[in-house]
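Fit chains W and G to the known structure of chain S by using the hints.
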Amino acid sequence: MREVAVLGAGQTPVGEHWDRTLVSLAGEAALEALRDAGLDRPDVLIVSNMLSGVGPGSQLNLGAQIADWCGLKGVEAFKIEAACGSGGAAFRAGVHAVGSGLVDLALVVGVEKMTQTPSTVTTAGLATAADADTEAAHGPSFIALNALIMRRYQHEYGWKHEDFGAFSVNAHANGALNPYARLQQPITHEDYREARMVCEPINLLDSSPIGDGAAAVILVPAERLVPGGGRPRVVVAGSGAATDSLAVHDRRDLLWLAAAERSARQAFAQAGVGPDEIDFFELHDAFSIMAALSLEACGFTERGQGPRLGLEGAILPSGRLPIATQGGLKARGHPVGATGVYQIVEVARQLWGAAGDNQLPEPRVGMAQNIGGSGATILTHILRIS
Amino acid sequence: MHAPGSALPEILVAGVGLTPIGEHWEKSLRSIALEAMTAAVEDAGGLRPQALFVGNMLAPALSAQTHLGVLLADFAGWRGIEAATYEAAGASGGIALRQAVLALASGEMDRVMVVGVEKLTDRIGSSVEAALAAAADADFEAVQGLTPAAQAGLLMRRYIHEHHVPEHGFAGFSLTAHANAVGNPRALYRRAIRLEDYASAPMLSDPLNLFDAAPVADGAAAILLTRGDRHRPAGERTPIRILASAVATGPLALHDQPDPLGFEAALISAGRAMAQAGMAARDIDLFELHDVFSIYAALALESAGFAERGQGWRLAAEGEISRTGRIPISTLGGSKARGDAGGATGVYQAVEVVLQLQGRAGEAQVPEAQVGMGQCLGGAGATVATHILARADRL
Amino acid sequence: MEVSRHWRLRQQRYALVGEVCPHCDVKIFPPRDICPDCGREARTEYQFSGRGEVYSYTTVHDAPAGHEAYAPYTVAVIRLEEGPMVTAQLTDLGDQPIEIGTPVEMTTRKIGEDGERGMLVYAYKFRPVLRPA
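Chains as they are written, first to last, in the numbering used here: chain S, 1 to 386; chain W, 387 to 781; chain G, 782 to 914.
Please keep in mind that the hints were generated in silico from the structure rather than gathered at the bench.
Backbone N, C-alpha and C fix where the C-beta goes; we use that ideal spot for every residue, glycine too.
A hint or two may mislead.
In silico DMTMM-like pairs for lysine to aspartate or glutamate, Cα to Cα no more than 25 Å straight-line [what the hints assert, rightly or not]: (1) S:160 to G:843; (2) G:891 to G:873; (3) W:413 to G:822; (4) S:160 to G:880; (5) W:413 to G:895; (6) W:413 to G:814.
Restraint-style ranges between C-beta atoms, simulated for each label pair [stated by the list, open to error]: (7) S:302 to G:807: 26 to 36 Å; (8) W:669 to G:807: 47 to 57 Å; (9) S:119 to G:890: 21 to 31 Å; (10) W:432 to S:302: 30 to 40 Å.
Bound-form chain S, shown alone:
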């Protein structure tokens, strides 16, 4: 496959955009990405979205709709869906499209509009990512499935709830410096401990907030980028995708993200790097337990030791493996189908040196991992300056 580079990016703040339609959010991010890349028009528009086809007022054919909104007459366009992993899956589809040599310029836009339905409807929408017949029918919300995992994890490994607090405190501290973040206020460990219980043992500050938002990136053949210009050239060094059982109860091991391990291995192998060479990691901290499990499955720490990276400060911007550098899902927010693209935008901004107040000192290799469901679909990408 020919090498693929990320040329431009755009994003809207994650928030409750009650005054905006889904299409206008997607259009804003998409057009900003095109401007950022200095391009008028892509060859293909790949949309990632989870919920637009669910329930009342649903909208199909988002690819055509967003292409039309952006004035991209006749362009190839479609939507890809893998629940909360849609964004990572769309990015990977873009990598394959450009990598194939059959397409030159791919615009990947992730978009989600979640705040226009009552919370019970949004909760039910999110539950469609689980097995409708054998999980969702019995009433567990998406949070409940994660709570089941977290409780068992604490039981097996002996971690106390407060041991997970560092993930949320770090994410909020970073989100406070990111103008695109949904939650821009720092929190303390005390805030974390005292937060309202949502679904025991998951409390409010273990959970990422949903929101409306859109993020977009432009992919081009790396060979087309000549040296020069203001930014370093950022290429996709590794891309991996894997699945596990859809239903949490069907997993061989509920406390191990087998799909994270598998997809990370693919990405590491392609990039020719290991966990030690990753400078920062945008992981899928939809819940703090997912942050811990992701760190373990990708080989950044031993099984059962995820919280230790938080307690030791390794995940801070000054640590050896900064995570959620612009707030992560926890503070930037989790507009589900768009999240995977936000992560890529954030990795690219760090590598370009364009991460503003969140800028890490000269990172060269960044990784993003996007999770659909409670570990069922997992996409891992490694981006690097070349």
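Just chains W and G now, kept in the frame of chain S:
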């Protein structure tokens, strides 16, 4: 390896599988899909895919199920493989096929399963209609009560007006599709209809009558693709190669299309596909088009270059679309009589083209077919995916 | 919940009927056509005992649409004694504290209803096994 003519690397069909379209009230979405995928794997001599690309439009709305990729990969016993779902309304299956082609062309994988699946009949008609209407613009069309049939009715009336089509001028599409379906054991409606039947059919959205519209029902189709340089299909079967794969879009809302009867996205999509294959309309031996409404069959024939603008209906009226005509369409019944399983359509079409090219279409066989085209539509021509397949032994 | 869909799952929901793989002998619930362990066809019915233990549990306060009337309710992953795990609600808890490892057994309860005049959906829930005082 790029063979002369095609811009694509050598992508071959390893196996195909179909379920009959129908009201499978006793089967779940996952078991319908598995049936087609299992058949495709068996057809491919047991080859196991590395990735699963799903085309589906309505599972989120009608089955409260997103995340079909992993659901079906797991249910098929392929836990761990890459999987995702592609949606562009009725073009979903063609989109999934196109993305599989790109993934294979990238060289990152060499065995990909594409499955189109739809489960509609768990819900009553009005819920299904509402879900289907989401293929139109929810804010500016569906909210006005516009249905897909009504969109087609609007286009059909305007077409008749502009091109002076006589009464029952579209009947040939329906008659041909039904006649062809008689030879297809998997078709939903295996009976021929007469002009009198067509003429006396009740109106759906005038001038569009019941026989101008395809019945929607449950179904699944699967096709297993490989890169020819890494996996050559074994056995006696005629090798089939994908020569072209192209997608184009136009405005979602019918009223936003500058020239609604121009079917512009289909024009672009078919044009790109033919350019990729290095072919013209005269090189195509059969065309599985998306006759979800007869007017769309006429427009698809025109935009692909088989007829002049405004003349597509004449091909039907003059018998040119029958199995022995100039450009056979809906050779196994098409959406009209085989049945339309929404987002699965593009994969049904591809599988049917393969069956024709391999001489496995039984009583519905088109003689001497070497190159076939499939084209599916999302909405009123808003998204159009076109594929050209050919016998690899005759290239 | 659609009638046909519920009907297809009636044996599982009312009677906890799963499968045993004829090739590798693994017990499977919910049933599937292909064994997730060995990848071969698994369509041999198997009657589960309904006994198991709590693998993990939590309480849902913010229920998804369709389940609001029952909130708060406790959902659990149960490890059935035959091996597989299943997601289900816990019921008949009384004042009894639930813990990981609590022995439970299947019972049949309503898990949803489709509007005022719609279908009532009954299915398995699990309750603590009674022990002599």
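Hints versus structure:
About 24 Å separates the Cα atoms of residue 160 of chain S and residue 843 of chain G, which keeps this hinted pair within 25 Å; it holds. For the hint pairing residue 891 of chain G with residue 873 of chain G, the CA-to-CA distance comes to about 13 Å; that is within 25 Å, so the pair holds. Proposed proximity of residue 413 of chain W and residue 822 of chain G is supported: the alpha carbons are some 17 Å apart, at most 25 Å. Among the hinted pairs, residue 160 of chain S with residue 880 of chain G is consistent with the structure: their alpha-carbon atoms are about 16 Å apart, no more than 25 Å.
A threshold of 25 Å between alpha carbons decides the hint, and for residue 413 of chain W with residue 895 of chain G the separation of about 21 Å falls inside it, so the pair holds. The straight-line distance between the Cα atoms of residue 413 of chain W and residue 814 of chain G is roughly 12 Å, inside the 25 Å bound, and the hint therefore holds. Separated by about 29 Å at the C-beta atoms, residue 302 of chain S and residue 807 of chain G satisfy the suggested range of 26 to 36 Å. Restraint check, residue 669 of chain W to residue 807 of chain G: a C-beta distance of roughly 53 Å satisfies the suggested window 47 to 57 Å.
Checking the proposed 21 to 31 Å range against residue 119 of chain S and residue 890 of chain G shows it holds: the Cβ atoms sit about 26 Å from each other. Range check, residue 432 of chain W to residue 302 of chain S: Cβ separation about 39 Å, and the 30 to 40 Å hint holds.
Checked against the numbered hints above, the structure violates none of them.
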